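Undergrad: What follows is the residue order along each chain.
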Amino acid sequence: DTAVSQTPKYLVTQMGNDKSIKCEQNLGHDTMYWYKQDSKKFLKIMFSYNNKELIINETVPNRFSPKSPDKAHLNLHINSLELGDSAVYFCASSQQGGSGNTIYFGEGSWLTVV
Amino acid sequence: KNEVEQSPQNLTAQEGEFITINCSYSVGISALHWLQQHPGGGIVSLFMLSSGKKKHGRLIATINIQEKHSSLHITASHPRDSAVYICAVLASGSRLTFGEGTQLTVNP
Numbered sequence: 001d002t003a004v005s006q007t008p009k010y011l012v013t014q015m016g017n018d019k020s021i022k023c024e025q026n027l028g029h030d031t032m033y034w035y036k037q038d039s040k041k042f043l044k045i046m047f048s049y050n051n052k053e054l055i056i057n058e059t060v061p062n063r064f065s066p067k068s069p070d071k072a073h074l075n076l077h078i079n080s081l082e083l084g085d086s087a088v089y090f091c092a093s094s095q096q097g098g099s100g101n102t103i104y105f106g107e108g109s110w111l112t113v114v
Numbered sequence: 001k002n003e004v005e006q007s008p009q010n011l012t013a014q015e016g017e018f019i020t021i022n023c024s025y026s027v028g029i030s031a032l033h034w035l036q037q038h039p040g041g042g043i044v045s046l047f048m049l050s051s052g053k054k055k056h057g058r059l060i061a062t063i064n065i066q067e068k069h070s071s072l073h074i075t076a077s078h079p080r081d082s083a084v085y086i087c088a089v090l091a092s093g094s095r096l097t098f099g100e101g102t103q104l105t106v107n108p
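Keeping their order, the protein sequence lines are chains U and G. Sequential numbering from 1 applies to the first sequence in this note's numbering. Sequential numbering from 1 applies to the second sequence in this note's numbering.
None of these hints come from the bench; they were simulated from the model. Just so we're clear, the structure is a prediction, and the values are computed from it rather than from any experiment. Cβ atoms here follow ideal geometry from the backbone N, Cα and C, with glycine treated the same way.
If you anchor each label on the Cβ, the simulated ranges turn out as follows:
#1 U/G16 / G/N22: 39 to 45 angstroms
#2 G/T75 / U/K44: 27 to 33 angstroms
#3 G/E3 / U/N51: 24 to 30 angstroms
#4 G/H38 / U/T13: 24 to 30 angstroms
#5 U/Q95 / G/P108: 37 to 43 angstroms
#6 U/N51 / G/T20: 35 to 41 angstroms
#7 U/K67 / G/Q14: 47 to 53 angstroms
#8 U/N51 / G/S26: 28 to 34 angstroms
One-sided excerpt, in silico: chain U residues whose CB lies under 7 angstroms from chain G:
#9 K41
#10 F42
#11 L43
#12 I45
#13 I56
#14 T102
#15 I103
#16 F105
#17 E107
#18 G108
Using the sequences and the hints given, assemble the complete structure.
TA: Given below as structure tokens:
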């Protein structure tokens, strides 16, 4: 029983394409996140949703659009992919915004743009 | 300068050694997380601290809020402890800020 699952795990695609990464959590958490890990392994927050409402939107190009159909799902859609979008994208979830609560991460989605 | 600084960046130890990884931060926080990332890439939360000390098996995490400093200790290290250890602080709302990670290699 995977707590936070994201698909696909690996994605290789050409520049200019549009792609989506899906994330689902079965923990009953209120808050979900997308993080990006660059080639230097540095993690940065991209988006956070609490009960389907966007609460954090870092300085991310508007080619990236998160969608939360319900509080168990947070998908990431990326338009017009660029080489610099190549990274590992992690979905995560926690209860009540993370304050004082453990954060659970998905396995990561390795995106390579060629 | 990053709000969260970890040291060392790389650490190589022999099996059985006692290991310490340090994390300093420059902002007021409500909680600090220690995370472990294995070569396969998955990230696991080891500890969430807001004060004092926590212990889980061979792992111990401490935090000093006044000094804005936390340490992660591993006793009797083992090759399976080889991973990247990441410190992350919760400063405002639900926004986590991460350190750059410490690559630990434990040799048999």
